[in-house]
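**Q** Spelled out, the chains give:
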Amino acid sequence: MKPEPLTHQKVMLYPLWVRIWHWCNAVIFILLLASGISLHFADPAAPLIPFAVARVIHNLSGLCLTLGFVLYVVNNGRSGNFRHYWPVFQGLIGRIMKQTDYYARGIFLGLPHPIAPTWEQKFNPLQQLTYLAIMYLLVPLVIVTGFMLWVPEWAPGQVLGMDGLWPAAVLHYLLAVALGIFFITHLYLITVGETMTSQIKKMVTGWEEISIHKENDHERR
Amino acid sequence: MTKPCVTQTTNSWPHNALLSLVLMVGALVPLALQADDSVANVAEKNARCLRCHGMETLRYQELATGNMRDFHVDAHKFSQSNHGQQGCVTCHKGDFAALPHRPENTNQYHSCADCHTGDKVLQRMRLVGITAQYKKSVHVQRGVSGFDCFSCHNPHESRLEEIKKPAGNIVDRDNDVCLKCHGTRESAEEKHRIIPKAPLHLKEVRCLECHTPRPGSVIHAIEPATRAERTCEACHSRDSILLTKLYKYRLHESERRTGFINGVVLSDYYVIGMTRHPLLDALGILGMGGAFVGVMVHGIGRWLAARRRQNHET
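Residue numbers (my numbering), protein chains in the order written: chain A, 1 to 221; chain B, 222 to 535.
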């Protein structure tokens, strides 16, 4: 049982640029998913969004995603925000198990969150690894393959005797599915805060209440 | 005043017999020559025509219209074509003895159906249906002067086997036919700015895909530009019109290549919306649908658990 905290304090864990980027990304994700589904499953009889419109939305949203991604990576490095994404490897497996156990069992029993946010590590290990994979692997890959589909001349001429665009198209599609799954679970996980809306409030105001224990007393501000 | 024709008659029987023999042999020689349709003989006869018509420069510009009249026949391509073993005069009617040929002879030639009526080639080529489509085409409807089958199809170079060539070759060949009269590639790109990536589209698909009616294979019923296909989904969908037009003759090859729907086009290009893989589609729907169901179940479980805890507390 974790000892009672020395104190609680509110800290700015989500600076303004992170919040702007996050909400812009949320809108872009919705636009990309809706237009992407319309393009891939194009059907003249039952279009979600007509192909010609979906193409424009997808391309413009893709450009915005790319621009946002570049600004995010640069700012993440410059501001030190990247520390939240890089896991502390010591005891990582144990923390992952603890967090998984919470989502599988503890949350139904009304137990408190096993890993509280701190100034150094605002994400739990599952969030950390997911965000790291999403932002530093899946999103760059979806951007690169997206540009290949936009400008087919950038794709290889032939792969395995077929048009060289197909591996890029298949990868783009699979990445989009993975990002879609992430988006759905991300939306759901908004509701697992202290209250149903606390996570949204946090991402609007930027303030997070952290517990100060003996181990992280140096984080006291 | 013309001189009266004088015929000399004689009564001697050996003379008569000899004359009859000469006349009979004389009558049979042309028949024998005519019957000799060997490749060598036809080639020899055609060589006489190709001595002039084989020259690339055999063309002139009509003063009245400014159109080029091209009388050149590529001897090599002709010999390789489906008509390569036919004599020139098999199709071209008239008296070509006089040089230069009389103008009235230059436009007299057989149509495809004149020779192919009722034969298997005709059935394969569906000439009857094609003729009906052709009559609906904008070229006929607007009465374009001098327009006929041969305005687009060059019988000196046509080969049925060409329909099995890679799509790129067919696109280039067919689009070049349109561009003979309808400007250059640059002007075509300019006219088609409404299409995203116009140069790429004009390079990869034929004018006919969009400028003919959508259902079925009716590529001879060419429509005016105002009625051209403007819906992206016509091609970019599972039931793409490319399958009934550009890829009509190649569908049997690989309709499903490595599991992809419409895999026949994959040799040439990946078409968004058209090239799809049922397994990947199912994976995407199951993945996202599963995630949705999963979080719903988790959420309902949380809600029920919270309610039970509340009941316990009260």
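I should point out that these hints are in silico values taken from the structure, not numbers from a laboratory. We put the beta carbon where it would ideally sit given N, CA and C, even for glycine. Don't take each hint at face value.
Straight-line distance between alpha carbons at most 20 Å, and here's what the computed SDA-like set of lysine to any residue pairs gives [as the list claims (entries may be wrong)]: (1) A:Lys98 / B:Arg528; (2) B:Lys386 / A:Val53; (3) B:Lys418 / A:Gly193; (4) A:Lys98 / B:His519; (5) B:Lys418 / A:Ala52; (6) B:Lys424 / A:Gly157; (7) B:Lys418 / A:Trp21; (8) B:Lys424 / A:Gly193; (9) B:Lys424 / A:Trp21; (10) A:Lys202 / A:Leu63; (11) B:Lys424 / A:Trp154; (12) B:Lys466 / B:Pro499; (13) B:Lys424 / A:Lys98; (14) B:Lys418 / A:Asn59; (15) B:Lys424 / A:His22; (16) B:Lys418 / A:Lys98; (17) B:Lys418 / A:Trp154; (18) B:Lys418 / A:Gly161; (19) B:Lys418 / A:Val73; (20) A:Lys122 / A:His22; (21) B:Lys386 / A:Gln158; (22) A:Lys98 / A:Trp21; (23) B:Lys418 / A:His22; (24) B:Lys386 / A:Gly157.
Non-contacting residues of chain B with respect to chain A, defined by C-beta distances greater than 10 Å in every case (computed) [claimed, not checked]: (25) Ala296; (26) Leu421; (27) His519.
Reference excerpt, derived from the structure (chain A facing chain B, CB under 7 Å, subset only) [to be verified]: (28) Ala42; (29) Pro44; (30) Ala52; (31) Asn75; (32) Phe108; (33) Asp163.
**Q** Now tell me if each hint is right for this structure.
**A** For each hint, the structure was consulted:
1. A:Lys98 / B:Arg528: violated (24 Å)
2. B:Lys386 / A:Val53: Answer violated: Lys386 of chain B to Val53 of chain A is near 35 Å, above 20 Å.
3. B:Lys418 / A:Gly193: violated (47 Å)
4. A:Lys98 / B:His519: holds (18 Å)
5. B:Lys418 / A:Ala52: The given pair, whose Cα atoms are some 12 Å apart, holds under the 20 Å limit.
6. B:Lys424 / A:Gly157: Given pair Lys424 of chain B, Gly157 of chain A holds - Cα atoms ~15 Å apart, limit 20 Å.
7. B:Lys418 / A:Trp21: violated (31 Å)
8. B:Lys424 / A:Gly193: Since the Cα atoms of Lys424 of chain B and Gly193 of chain A sit roughly 55 Å apart, the hinted pair is violated (cutoff 20 Å).
9. B:Lys424 / A:Trp21: violated (40 Å)
10. A:Lys202 / A:Leu63: violated (28 Å)
11. B:Lys424 / A:Trp154: holds (16 Å)
12. B:Lys466 / B:Pro499: Answer violated: Lys466 of chain B to Pro499 of chain B is near 23 Å, above 20 Å.
13. B:Lys424 / A:Lys98: violated (58 Å)
14. B:Lys418 / A:Asn59: Roughly 13 Å between the alpha carbons, so the hint for Lys418 of chain B and Asn59 of chain A holds.
15. B:Lys424 / A:His22: At roughly 41 Å apart (the allowed maximum being 20 Å), His22 of chain A and Lys424 of chain B break the hint.
16. B:Lys418 / A:Lys98: With Cα atoms ~52 Å apart, Lys418 of chain B and Lys98 of chain A exceed 20 Å; violated.
17. B:Lys418 / A:Trp154: Cα-Cα ~14 Å, so holds.
18. B:Lys418 / A:Gly161: Measuring from Cα to Cα gives roughly 25 Å; hence the hint is violated.
19. B:Lys418 / A:Val73: Violated. Lys418 of chain B to Val73 of chain A sits at ~31 Å, over the 20 Å cutoff.
20. A:Lys122 / A:His22: Judged against 20 Å, a Cα distance of about 15 Å means the pair holds.
21. B:Lys386 / A:Gln158: holds (18 Å)
22. A:Lys98 / A:Trp21: violated (30 Å)
23. B:Lys418 / A:His22: violated (32 Å)
24. B:Lys386 / A:Gly157: Given that 20 Å is the threshold and the Cα spacing comes to 19 Å, the pair holds.
25. Ala296: Non-interface label on Ala296 of chain B holds, nearest chain A Cβ at 35 Å vs cutoff 10 Å.
26. Leu421: Violated: least Cβ distance 7 Å, not greater than 10 Å.
27. His519: violated (7 Å)
28. Ala42: holds (3 Å)
29. Pro44: For Pro44 of chain A, the interface hint holds, since the closest Cβ of chain B sits about 4 Å away, which is under 7 Å.
30. Ala52: It holds, given that the least Cβ distance between Ala52 of chain A and chain B is near 5 Å, below 7 Å.
31. Asn75: violated (29 Å)
32. Phe108: With a minimum Cβ separation of about 4 Å from chain B (threshold 7 Å), the hint on Phe108 of chain A holds.
33. Asp163: holds (5 Å)
In summary, the numbered hints that this structure violates are 1, 2, 3, 7, 8, 9, 10, 12, 13, 15, 16, 18, 19, 22, 23, 26, 27, 31.
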